[in-house]
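With the hints as a guide, bring the two chains together.
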Amino acid sequence: MRALRSCVVIAALTALAWAESQVRVTTDRAIVELGKTFRITIEASGTRIGDPKIPKVPGLEIAADPIYRSTVATLVDFNIAQRKVLGYNAVARQLGDIEIPPIGVSIGGKLVYGEPVKVTVVQAGASRTQPSAARSDRSVSVDDALFLTVDASKNDVYQGEAIDVTFTLWALFGSTVRQYESVFPSSTGFYAVPREPGEPDKEDIVRNDLRYQAIRWRQTLYPTQTGVLELGPWRWQGLLVAPYAMEAVPVELATDPVRIAVAPLPEPPQHFSGAVGKFEVSITRDRDDALQGVPTHMAVSISGRGNPDAIPAPKFPEVDWAYIGDPLRTAAPVNRAERSHVELEFEYQVTPIRAGSQVLPSVDFCYFDPELEEYVTAKSEPLPWKVLPSAEADRQILVDENSRNTKSETIAQQDISPIVTDPGPITRRGSRVAFVSAVFLLPALGYGVLAAFVQRKRRFANDGRYARAYHALSRAQNRLAAIGASADPIDVLYKAITGFVGDSYNVPEAGLTSADTERLLRERSVDPELAGGFTKILRMCERARYGTGTLSADELHALVHGALASMERLDALRAKGDIS
Amino acid sequence: MTVLVTASVLIYGATLFNGTFDRATDAYDAGNYEVAVNLYEQLVSDGVVHADVFYNLGNTYYRLDALGPAIANYERALHLRPGFTAARHNLDICLQRTRQALAAPLPPAWEQGLLFWHVHLTPAFSFRMAIASWLLFWGMLALRLWRPLPYLRRAAGVAFLFAVFFGVSSWTKEHPQLLAVATAESLPVRYAKGQEEKARFELFEGDRVSIDRRENGWARVTTANGERGWTEESGLALVGPPYLRPSLGITETAGGTS
Numbered sequence: 001m002r003a004l005r006s007c008v009v010i011a012a013l014t015a016l017a018w019a020e021s022q023v024r025v026t027t028d029r030a031i032v033e034l035g036k037t038f039r040i041t042i043e044a045s046g047t048r049i050g051d052p053k054i055p056k057v058p059g060l061e062i063a064a065d066p067i068y069r070s071t072v073a074t075l076v077d078f079n080i081a082q083r084k085v086l087g088y089n090a091v092a093r094q095l096g097d098i099e100i101p102p103i104g105v106s107i108g109g110k111l112v113y114g115e116p117v118k119v120t121v122v123q124a125g126a127s128r129t130q131p132s133a134a135r136s137d138r139s140v141s142v143d144d145a146l147f148l149t150v151d152a153s154k155n156d157v158y159q160g161e162a163i164d165v166t167f168t169l170w171a172l173f174g175s176t177v178r179q180y181e182s183v184f185p186s187s188t189g190f191y192a193v194p195r196e197p198g199e200p201d202k203e204d205i206v207r208n209d210l211r212y213q214a215i216r217w218r219q220t221l222y223p224t225q226t227g228v229l230e231l232g233p234w235r236w237q238g239l240l241v242a243p244y245a246m247e248a249v250p251v252e253l254a255t256d257p258v259r260i261a262v263a264p265l266p267e268p269p270q271h272f273s274g275a276v277g278k279f280e281v282s283i284t285r286d287r288d289d290a291l292q293g294v295p296t297h298m299a300v301s302i303s304g305r306g307n308p309d310a311i312p313a314p315k316f317p318e319v320d321w322a323y324i325g326d327p328l329r330t331a332a333p334v335n336r337a338e339r340s341h342v343e344l345e346f347e348y349q350v351t352p353i354r355a356g357s358q359v360l361p362s363v364d365f366c367y368f369d370p371e372l373e374e375y376v377t378a379k380s381e382p383l384p385w386k387v388l389p390s391a392e393a394d395r396q397i398l399v400d401e402n403s404r405n406t407k408s409e410t411i412a413q414q415d416i417s418p419i420v421t422d423p424g425p426i427t428r429r430g431s432r433v434a435f436v437s438a439v440f441l442l443p444a445l446g447y448g449v450l451a452a453f454v455q456r457k458r459r460f461a462n463d464g465r466y467a468r469a470y471h472a473l474s475r476a477q478n479r480l481a482a483i484g485a486s487a488d489p490i491d492v493l494y495k496a497i498t499g500f501v502g503d504s505y506n507v508p509e510a511g512l513t514s515a516d517t518e519r520l521l522r523e524r525s526v527d528p529e530l531a532g533g534f535t536k537i538l539r540m541c542e543r544a545r546y547g548t549g550t551l552s553a554d555e556l557h558a559l560v561h562g563a564l565a566s567m568e569r570l571d572a573l574r575a576k577g578d579i580s
Numbered sequence: 001m002t003v004l005v006t007a008s009v010l011i012y013g014a015t016l017f018n019g020t021f022d023r024a025t026d027a028y029d030a031g032n033y034e035v036a037v038n039l040y041e042q043l044v045s046d047g048v049v050h051a052d053v054f055y056n057l058g059n060t061y062y063r064l065d066a067l068g069p070a071i072a073n074y075e076r077a078l079h080l081r082p083g084f085t086a087a088r089h090n091l092d093i094c095l096q097r098t099r100q101a102l103a104a105p106l107p108p109a110w111e112q113g114l115l116f117w118h119v120h121l122t123p124a125f126s127f128r129m130a131i132a133s134w135l136l137f138w139g140m141l142a143l144r145l146w147r148p149l150p151y152l153r154r155a156a157g158v159a160f161l162f163a164v165f166f167g168v169s170s171w172t173k174e175h176p177q178l179l180a181v182a183t184a185e186s187l188p189v190r191y192a193k194g195q196e197e198k199a200r201f202e203l204f205e206g207d208r209v210s211i212d213r214r215e216n217g218w219a220r221v222t223t224a225n226g227e228r229g230w231t232e233e234s235g236l237a238l239v240g241p242p243y244l245r246p247s248l249g250i251t252e253t254a255g256g257t258s
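From first to last, the protein sequence lines are chains A and B. So the first sequence is numbered by my numbering: it starts at 1 and just counts up by one. So the second sequence is numbered by my numbering: it starts at 1 and just counts up by one.
No lab work stands behind these hints: they were computed from the structure. Note that the Cβ used here is the ideal one computed from N, Cα and C, for glycine as well. Hints may be right or wrong, so weigh each one.
Unchecked claim - Label-pair ranges, simulated between beta-carbon atoms:
{"#": "1", "chain 1": "A", "residue 1": "P425", "chain 2": "B", "residue 2": "Q177", "range": "28 to 38 Å"}
{"#": "2", "chain 1": "B", "residue 1": "V158", "chain 2": "A", "residue 2": "D288", "range": "41 to 51 Å"}
{"#": "3", "chain 1": "A", "residue 1": "V206", "chain 2": "B", "residue 2": "A192", "range": "47 to 57 Å"}
{"#": "4", "chain 1": "A", "residue 1": "D201", "chain 2": "B", "residue 2": "Q177", "range": "52 to 62 Å"}
{"#": "5", "chain 1": "B", "residue 1": "E197", "chain 2": "A", "residue 2": "E196", "range": "23 to 33 Å"}
{"#": "6", "chain 1": "B", "residue 1": "A192", "chain 2": "A", "residue 2": "D156", "range": "45 to 55 Å"}
{"#": "7", "chain 1": "B", "residue 1": "S186", "chain 2": "A", "residue 2": "P268", "range": "43 to 53 Å"}
{"#": "8", "chain 1": "B", "residue 1": "E197", "chain 2": "A", "residue 2": "K154", "range": "18 to 28 Å"}
{"#": "9", "chain 1": "A", "residue 1": "R432", "chain 2": "B", "residue 2": "L244", "range": "16 to 26 Å"}
{"#": "10", "chain 1": "A", "residue 1": "D364", "chain 2": "B", "residue 2": "A30", "range": "52 to 62 Å"}
As the list claims (entries may be wrong) - A few chain A residues that don't get close to chain B, going by computed Cβ distances all over 12 Å:
{"#": "11", "residue": "S21"}
{"#": "12", "residue": "S153"}
{"#": "13", "residue": "A322"}
{"#": "14", "residue": "H341"}
With the rest of the complex left out, here is chain B (with noise of 0.2 Å):
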């Protein structure tokens, strides 16, 4: 009874969720780019995390001229599935729109040293690796207590080793260094918070930084040279997750899920 509730509330959220996709993107091909931009992120704030939303969220945003939001949306939809080449191709279109064509901030040192191999791999590939591993090295355990095979003990070792760095893989990819992209048309970036402190340097739209705290409205931003300063929030797109909607101005209310 419980698994035919389970499946009958699965597949009544994925027909409701498929529903407001294809509305939005029936939206999109009339034109009603605004509409389509609150469904797509209606659908973000249900809780979906597909790449295939984030991709057509930030083709809609290209529409709209909003280059920060879309760049934010090609690098979420990157982030889920890196091989996605028609993300990485619009995401480029859009870099050569912005005015100084930042560099996205690289991941920390370790995970470039220690990571360096998960770069193309999917987040659910990595937690579906890391279970398995997991679920395999104890199965050799197990199996060991009842027929101890040869090189039993070093497959399992091995086992354990990969379900170890998928593991961290994908703890990784589910906690990424937070990325934002700046949707303001110059944003200063100054060297303490506070609207009267000194400008250390500026971003402008499109520019990605990554943002290792946040207070009060104020997030301290790195860029990929390593500068680092405080702006305000109110001028970055959050790449995520969280997947927080970019304000831009847009009505909120116009289009929305019945």
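This is chain A alone, in the form it adopts within the complex (with noise of 0.2 Å):
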């Protein structure tokens, strides 16, 4: 699994690289024998790549034709990506330094060229007697191709002591490796972190004069055990296809064992926190100021070197001003390039129970230094905390203000006041909604009412051609009513139909004619019957009282009932707006 999962990483980080044009030469030794053949590689990434242009170099020949050459095409963005390997052989031909001028390749239809590679010629022969002499191909085996080493930080350590191992895998460069799988070594009596190597880091590094890509694993290690523990033999297995080779063949490596010497810790005191290593404590806080009873937080970092699984939570000295919490928050380790390098930090909630200056004593962390080989012990800065008190110590009179900070044990000792037994009447409380409601409401409601009712009483006063027009109606009723107890019943009908008409258009109802009243009516536009039903009505008045007719009660009745049902229909079509 994990080494599908290297796969799948390396093969990404390998479609990125060839998303851009690169050309890449290299040589597989810096230092070559006079006529001795050597390894020249280039290698092309980008799109549509040619073949590379070998330069002409004095002193070198290059073989025109590659040994090898591999291709392979990947889909980066929705455009074919190339990365083309090609191997060439050369000879050097004179001693000295030689260098390879830039190689160009054709990538993308442009000419894109490499870093120039500086290549040191000896003696045949002279390279062997030499540390920095070269190897020709022949003598790389695969056993020199592909190895594994477990280096250990340190062999005779402490229990509880860290051990940074590191696990190579040593790569030929320009060899490839497929289908492998790792079986790194058991960590028995140890505490290891992380619990399996995780992801590797790679770098090229020259090697017995070879370059090769380093593939390193890193874990640090804890013994648990005393005594000499064994680091077992990491197990590599895969198909390893080697720069001069043609073909992939199948390899198995394992490590020797590495023995780790571990001496017991010496009689811890009794404050011996578990932890070893070397660490560092310091305290930080929200705010330098509290309010009585209002928690605020501190926090206490706990940095160095050693197990972070081993550091406990600091145990605060008691303090009578303030309570102090369990540790609300642990962070992680901080993964810094020195693995076993840790930060720890612990945060406490701090409740300020009595208010003045206070002062928070130094929290001591005591730890074994490994390389002192004794006890240690970590001292924060003592903290000095300014308590102001709540506002709630404010509202009570218990004690005079001089002696506030003694307020606590004051009330500690003294029992609660008694009970009420008067309370008055004591009812249920019901549901105030309906009682707000109508408070809310019913003013507006009548203060509306009122208004409305002012607003027409003034326009009763102040509008008299509305007022007349508004009353015109009753009073034609009442003067109608009136008819019967009359000496001149004629008269009162005439002036009650000309009042009702002068009334509802506001002309003067004295000398008012039917001819007065019937143009009038016609120029207000009123229907022509109910004009002519006024006009008849009153020249049979006119000609009753000027003229030698009279009229019979049963006459007089029914001219009164027409009136009357002339007025109510005029005052109705008035009132609806139908006419003016």
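Okay, structure coming up:
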């Protein structure tokens, strides 16, 4: 599974790298022997990669055709990206330093150059006597092309001391490995961080004059037992394609066990925390002052080198002015280049109980220092704290201002006040919704009604035309109601009609004749039939008053009813606005 | 007739409640605190909202060594009557007995800013003032219809402002931030709902917190310094309203009203 994950990561990184055009020229060794063949490898990545143009280098014979070539294509951003690797044999013909100038390769229609490469040519055979001598292709075996190493930073340690272990897979530059499986050694007797080696890092390294790609996995081990512990063999198997070979060969590798002598810790002091390494302790807090009864936070940081999981939360000395809770949060160890470096933060909630200038005593953290081979106690600085009295404390009057700091003791010694025995009438508290709604709405409604009433009253007082028209019908009805008691009922009927018309249209009532009434109603577009009714009654009244004819009681009654009906009809039409 | 019936019901109710109150007081004096608690709680469950009842209930819970419910009832009494010195005194004694004397959460910032003046007012006073100001405002407007006296409009504006402020004050006092008091000796507050969730911090008996959400027996609580998390409602006594009885294992039938 881990092998598959590594392959996926490598493939993804490779695909990203191929996204841009580049050329890389390397040799399989930096020092070559005169007349001996060495390898020049040209790697080109990009799209549409052509063959390189091999330059002529004085003192160097480079084969025109590559002895091997490989091309891999992949899809990057919907473009086909290629990676082409070509190997050329070369033979040095002169001693000294030779620089191979930049070699150009056509990538995507553009000529891209690699960096120049420098080789040092020495006499044949001289390289075997010198540490930096070059080796021919044939001298590079499979064992040299691919091998494993396990390096422990220390082999003699104390129990709990950090040991940095590096697992390195050395692969000859230009070689590829496939279908590999790696089994890391069991860490029995150790506390391992991480539990299994994580993602590797890679680096090109020259070793024994050969250029390798070193793939490193790292792990930090903390011995949990004493005695001689053994880190078992690291086993690796897979297929290797060496740069000088055309076929993959199966390879099985295993390292020798690494033995580590673990010494027990000396007799620990009583306050030993259990941590082994080297640490510093510091305290930070939210703010310098605090409010009585209001929690605030402080953080104790422990940084240094050691096992993060063996560091317990520091214990604070008891203080009588504050309650210090258990640590709330613990930060994860910081991932730094120095693997066993650790930074832990323990956050505490502090609730001041007593106001005044207070001091939080220093916190002790006792650990074993393997370098000094003794127990060391790291201390934080004492922390002054200004605690302000709370608002709640200000409200009560139990003690005078001068003795506020002793208030808690004073209160603690007192008993509670006695119960109330005479509460007055106790009633159930009902819902106030209806009451509140009524109180909220009724004044507004009352005001609305009152405002309308006042406005109407003012209009009657100020608008005579409106007032006359409004009361026209009622005045006429009152007049007609008194017709029976009148000595001249025809006059009463006549004046009731002319009065109604005069009031309705705000014209003087006096002097209105049947002709005036007829003209007035016609001007106001009153229905001719209705207007004719008024005119007819008025003319009958005029004839009765000024002519010889008289009206019988029945005729008068009929005229009154007719007049009332006409007036009511005209009033209704005017109220509806059908006529002016 | 209706007035007579209403008055009769009120007088009978008052007599009944006062009778229960007196019996509870007698039980308290006799040292029968569980009986007293049940009688006082009976009054509360019957809809009585009275500062003296809550105060006496707080004292009774204190005698039963139930700090959480005692603090909750003193808070209730002080909410109804902020100047209740005896309740303040007893509350302070209770707080001194709590483990970390945690301060009560402050009201929301807007309330602290706008209604700083109403802290010492009773809910009843704010309510009455709101109604009086409202009626005065409309009365002044009505008077202005008849006779537009000088400054009447401004006076009506002032009355309206009073009505708004006291109305908001009254509403706020009727719907206060929901407070709760821890009744369990130790109450973990977790990052999320669920027993399996990691504890964020711990409350101790008598610690006061505000509640802004309640779901399926869990409450999201906030302390005075803004620490927030979820805890089980069963470990809290609500200050209210609503004025619910905390579950403490006291037999509720003992000494109930007859």
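Ascending list of hint numbers which this structure does not respect = 7, 8, 13
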